[in-house]
Amino acid sequence: MINHILPLFNECINKLQGNNISVMVIYDAMNSLKKSLEIRIKDLNWLKQVKCVNLSSELKYSELLNLISELKLENKLFLNMNELYDECNRINEMLPLLKEPNSNSCNKWQSLFKIANLENNNFYLKNIYKVVSFIYSIPATSSYCERVFSMMNLKYRDERNKCRLELIKYELIITLNAKETCTEIYDTFLKDEKLLKAAKTMGDCFSSLAALYRIPKNSISVFPPEVCASICESLSEYIKVPNIEDDWKKIQNEFYTRWNFTNCVGAVDGKHILIRCPKNTGSEYFNYKHSFSVILLAVINANYCFSYIDIGTNGRVNDARVFSKSSFYEALENKTLKIPSNGVFVVDDAFPLRNGMLKP
750 MINHILPLFN ECINKLQGNN ISVMVIYDAM NSLKKSLEIR IKDLNWLKQV
800 KCVNLSSELK YSELLNLISE LKLENKLFLN MNELYDECNR INEMLPLLKE
850 PNSNSCNKWQ SLFKIANLEN NNFYLKNIYK VVSFIYSIPA TSSYCERVFS
900 MMNLKYRDER NKCRLELIKY ELIITLNAKE TCTEIYDTFL KDEKLLKAAK
950 TMGDCFSSLA ALYRIPKNSI SVFPPEVCAS ICESLSEYIK VPNIEDDWKK
1000 IQNEFYTRWN FTNCVGAVDG KHILIRCPKN TGSEYFNYKH SFSVILLAVI
1050 NANYCFSYID IGTNGRVNDA RVFSKSSFYE ALENKTLKIP SNGVFVVDDA
1100 FPLRNGMLKP
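Read left to right, the sequence shown gives residues 750 to 1109 (this note's numbering).
Think of the hints as simulated: they come from the structure by calculation, not from any bench. Careful: at least some of the hints might be erroneous.
[Said to hold, decoys possible] Pair ranges (Cβ atoms, derived): (1) Cys-855 - Tyr-834: 19 to 27 angstroms; (2) Asn-1009 - Arg-896: 45 to 53 angstroms; (3) Ile-1060 - Cys-855: 37 to 45 angstroms; (4) Tyr-1053 - Ser-979: 51 to 59 angstroms; (5) Ile-887 - Tyr-834: 35 to 43 angstroms.
[As the list claims (entries may be wrong)] Below, a list of computed lysine-lysine pairs in the DSSO-like style, where the Cα atoms sit at most 30 angstroms apart: (6) Lys-875 - Lys-797; (7) Lys-825 - Lys-1084; (8) Lys-797 - Lys-848; (9) Lys-1084 - Lys-1108; (10) Lys-879 - Lys-863; (11) Lys-1038 - Lys-1020; (12) Lys-999 - Lys-809; (13) Lys-848 - Lys-825.
Glycine included, C-beta positions come from ideal geometry on N, C-alpha and C.
Take these sequences, add in the hints, and give me the full structure.
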């Protein structure tokens, strides 16, 4: 939005620069700016409705209703309008409780939601929370994306063109999201011996590691499973199957808003993880790509995050067989996932056609 409006002002400023500017030139430039802004305001008419969530005064249900109608949020966000009315009244009752009434609107909303969560373990402002989250997630400028592209050009240049894309990707993720400096991250890794040794095992054998660190081979072989178990335990909060219908509806909404895909609750597919052929297994792990592997079956949400994973099936079998022997299939059969009645998983042609699964 800002990228569409700022050029209008820049154009006006350019017209007014110089030493030989007459009154008529000023008039023409300002009049042209006025007409251009009026056109922009018509295109962004919904911006007038955003004022209602600013919390500069009481939250009016009628104004909030106009905003929802203008942006067509009722179906997008699965809003319950009756509950929303009660939530508006509750917000107005909570406004006097704010410790910093003069803070910006974002801080006010955060305080209100925190108060609501403390008052009741069952968060009861879910509808208005969806609306406010949607409004505050609308970017005013594309500067963040431009910054990512600029940083990518700096990192992926001719001098580093032999770096793998995965390396550049992870470097960008750390640079953009980590609060610590490179030196702090480096020091953290150096202090964690188990993590360093586990990382080194990816390209080394236990015999050389044992000689390098002067640790018996039978002891060093215990480190990788321990580190992997710790990683799994740490990520258990983030990689888990939704167990209530509202969580599935949230994924549905994300698929719709991000990918324009209605009713989708997840994408399912398998991935071959290359391994060395285990002893005395013959062709059990030999796959159609002429390599040895185990299969990772995964369900992901609209943000590329895992909702479910199953790994370890021998690479010889196809995705349909992996799916049929997984706990995910069993949960679908027993209807214990609490998926909405209109929810579907998108799969490729290797999977069987059944209720709740959408194939191309």
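Q. Given the proposed pairing of Lys-875 with Lys-797, does the C-alpha separation stay at or below 30 angstroms?
A. Measuring from Cα to Cα gives roughly 24 angstroms; hence the hint holds.
**Q.** Beta-carbon spacing of Ile-1060 to Cys-855 - inside the hinted bounds 37 to 45 angstroms or not
**A.** holds (41 angstroms)
Q. When you check the alpha-carbon spacing of Lys-1038 and Lys-1020, does it fall within 30 angstroms?
A. Judged against 30 angstroms, a Cα distance of about 12 angstroms means the pair holds.
Q | Satisfaction of hint between Lys-1108 and Lys-1084, Cα-Cα up to 30 angstroms | A | Holds, at roughly 20 angstroms.
Q: Below or equal to 30 angstroms on CA atoms is what counts here, so check Lys-825 against Lys-1084.
A: Roughly 25 angstroms separates the two Cα atoms, so the pair holds.
Q: Given the range 19 to 27 angstroms, decide if the beta-carbon distance of Cys-855 to Tyr-834 lies inside it.
A: Taking Cβ atoms as reference, Cys-855 and Tyr-834 lie about 24 angstroms apart, which means the hint holds.
Q: Go ahead and decide if the range 51 to 59 angstroms is satisfied by the Cβ distance of Tyr-1053 to Ser-979.
A: Since Tyr-1053 and Ser-979 have Cβ atoms about 23 angstroms apart, the given range 51 to 59 angstroms is violated.
Q. Regarding Ile-887 and Tyr-834, is the given constraint of 35 to 43 angstroms on their beta-carbon distance met?
A. violated (24 angstroms)
Q: With a cut-off of 30 angstroms on the C-alpha distance, tell me whether Lys-848 and Lys-825 pass.
A: Not satisfied, since the Cα-Cα distance of roughly 33 angstroms exceeds 30 angstroms.
Q. Between Lys-879 and Lys-863, does the CA-CA distance stay at or below 30 angstroms?
A. Holds, at about 15 angstroms.
Q | Lys-999 paired with Lys-809 [C-alpha distance capped at 30 angstroms] | A | holds (26 angstroms)
Q) Taking 30 angstroms as the top limit, are the C-alpha atoms of Lys-797 and Lys-848 close enough? A) holds (28 angstroms)
In this structure, the earlier hints numbered 2, 4, 5, 13 are contradicted, and the remaining ones agree with it.
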